[in-house]
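*Asks:* Residue strings, one per chain:
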Amino acid sequence: MELQLPGIGEWVAAFLTLCAFSFLYKDNILYRFAESVFVGVSFGYYIGLAKINTLEPNLFRPLFGNFGEQWSLIVPFLLGVILYLRYIPKLAWVSNWSLAVYIGYYIGVNLLQRLQGEILPQAKGTMLPLNVGLWPTLCNLVVIIGVVTVLIYFFFSSPHKGVLKPTARIGIYFLMISFGASFGYTVMGRVSLLIGRLTFLVNDWARPLVHGAFGG
Amino acid sequence: MNWAHKLLLIDRRIIFVVVFVGALIPIIWPIGLAVQISPPVKAVFDRVEAMKPGDAIMLSFDYGPSDGPELDPMANSILRHCAKKGIKVIGVSLFPLGGVEMAIARFMQLDTDLKARNGIDYVNLGYKDGAPAPMKAMGDRIESVFPCDANGVPYSEIPVLEGIRSYDDLELAISLATSIIGEWWINLVNAQFGIDVALGTTAVSAPKYYAFMEAKQAIGVLGGMKGGSEYEELVARAYPDLKGLSRSATMGMDVQSVVHLVIIFFILFGNVMFIVTKRMTRGAN
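Residue numbers (my numbering), protein chains in the order written: chain W, 1 to 216; chain G, 1001 to 1285.
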């Protein structure tokens, strides 16, 4: 495979990656420069993205191109505009109307979502049969004991004395195992990020650079 | 301060250098360790494998560039799998910081790898703000959320979308997700519209999704780079002609294995040194 010399994009990405890595030595101006570039670019990108992908196709084009049929879009359009009135102190209170609609909608969606999509199915997922053969029954028993003991650990309405004390203790062990699993996965996730950047530095920047400079 | 104390207070930058070298070596000289397949990944593969040519799935790119090393390989493998099976792929993105760019890059990769055709074999509908609202609205009519694709082509003029109105016309929704968006695909889309959902997640998020899978709210989970490497392996086994294509997660797992050994070594080393210094202090007293 023929390797091309790294382009300007690869050089910029490699430079910013190395700037970010420099924090491992100690905090420095290059790291803070990369951090600031990231924040600024992300913000600019998000504004452009929202305009091109959401505002234009879903609001401006239908509203101004076909007002007769899509006139109702003027309501969310105005709600969006008045949200920015919070920057005019005398009219700031008007923006609360938009916020009220926004919060009201998401509370409504979320309530149903959590109840129908999480609490009930997860509770149902804990009601497991205990007569399905030795190994599956054992697995189901672990799930049931885990859920019950962890719930008891988080039950603070009465002191953890008597039978509650050893039960809550078992709950802690379940939590510790779960934290351990989460930590293991977190390490894998963080190492993956390192792999991503190192693979880029080696395969997309350094290797073509070396091949370009020395041939071979 | 004795030798054990000195070792216990080793400069963290030395550890960084060891991890860095441990990660760099397998990238330059891959080891090629074997990949073991786990049931949650096999379940997703089998579900896609069981589909007929012409069936459609929704693939949601709910991640940004920082999650690319973990989720890009999953996207590549799933897209290749679908292309080989003749399954239509409807790409969407609900993650603001780069989701749509990740989708564009993956579909371009698919074009290069397998000569898939935009608009005929797949479509990239682009990004929409406010994830739960578009998710909910797509249950009634996808076109109301995505009136055109990412290139501005109207929904009604895209051949691959013919006959696809809502989730009812799809066989499966797969979300490649970071943050909370994957949960919404389960607790909103699966719960309210009944469509099967599979998740490809970053390793950090993976543990919580196994609970959803155990409760049969998700058909399977691809957890982190490991999940991606397993799907790559399954696709390569099923379609040997794809073996030559890039398998970055499989290569990445070589690095993971070496770096994990380094980390395990340092954890054991730290604990042993801690016990030794404790005993030395007790002995001195």
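Hint data in this document are derived by calculation from the structure and do not stem from the laboratory. For glycine and all other residues, C-beta sits at the position ideal for the given N, C-alpha and C. Just to be clear, a hint being listed does not mean it is correct.
[Claimed, not checked] Pairs of lysine-lysine, DSS-like flavour, derived with a Cα cap of 27 Å:
#, chain 1, residue 1, chain 2, residue 2
1, W, LYS124, G, LYS1115
2, G, LYS1208, G, LYS1136
3, W, LYS26, G, LYS1006
4, G, LYS1042, G, LYS1278
5, G, LYS1216, G, LYS1085
6, G, LYS1208, G, LYS1243
7, G, LYS1084, W, LYS51
8, G, LYS1084, W, LYS124
[Unchecked claim] From chain W, some residues computed to sit far from chain G (all C-beta separations above 12 Å):
#, residue
9, TYR45
10, ILE82
11, ILE119
12, SER158
*Asks:* Each hint should be assessed against the structure and marked as holding or not.
*Replies:* We went through each hint and held it up to the structure:
The straight-line distance between the Cα atoms of LYS124(W) and LYS1115(G) is roughly 45 Å, outside the 27 Å bound, and the hint therefore fails. Under the criterion of a C-alpha separation no larger than 27 Å, the hint pairing LYS1208(G) with LYS1136(G) is consistent with the structure, at around 23 Å. For a cut-off of 27 Å, the pair hint linking LYS26(W) to LYS1006(G) stands: about 21 Å separates their Cα positions. A threshold of 27 Å between alpha carbons decides the hint, and for LYS1042(G) with LYS1278(G) the separation of about 48 Å lies outside it, so the pair is violated.
In summary, the hint linking LYS1216(G) to LYS1085(G) is supported, as the alpha carbons are separated by about 25 Å, within the 27 Å threshold. Using a Cα cut-off of 27 Å, the hinted pair LYS1208(G) and LYS1243(G) is violated, with the two alpha carbons roughly 32 Å apart. With a CA separation close to 36 Å, the supplied pair LYS1084(G) and LYS51(W) exceeds the 27 Å bound. At most 27 Å may separate the alpha-carbon atoms for a hinted pair to count; LYS1084(G) and LYS124(W) exceed this at roughly 38 Å.
For TYR45(W), the non-interface assignment is contradicted: its Cβ lies about 7 Å from the closest Cβ of chain G, within the 12 Å cut-off. For ILE82(W), the shortest C-beta to C-beta distance to chain G comes to about 18 Å, beyond the 12 Å cut-off, and the non-interface label holds. Not every Cβ of chain G is farther than 12 Å from the Cβ of ILE119(W); the closest lies at roughly 9 Å, contradicting the non-interface assignment. With a minimum CB-CB distance of about 27 Å to chain G, SER158(W) clears the 12 Å threshold, and the non-interface call stands.
In the structure shown, a violation is registered for the earlier hints numbered 1, 4, 6, 7, 8, 9, 11, in ascending order.
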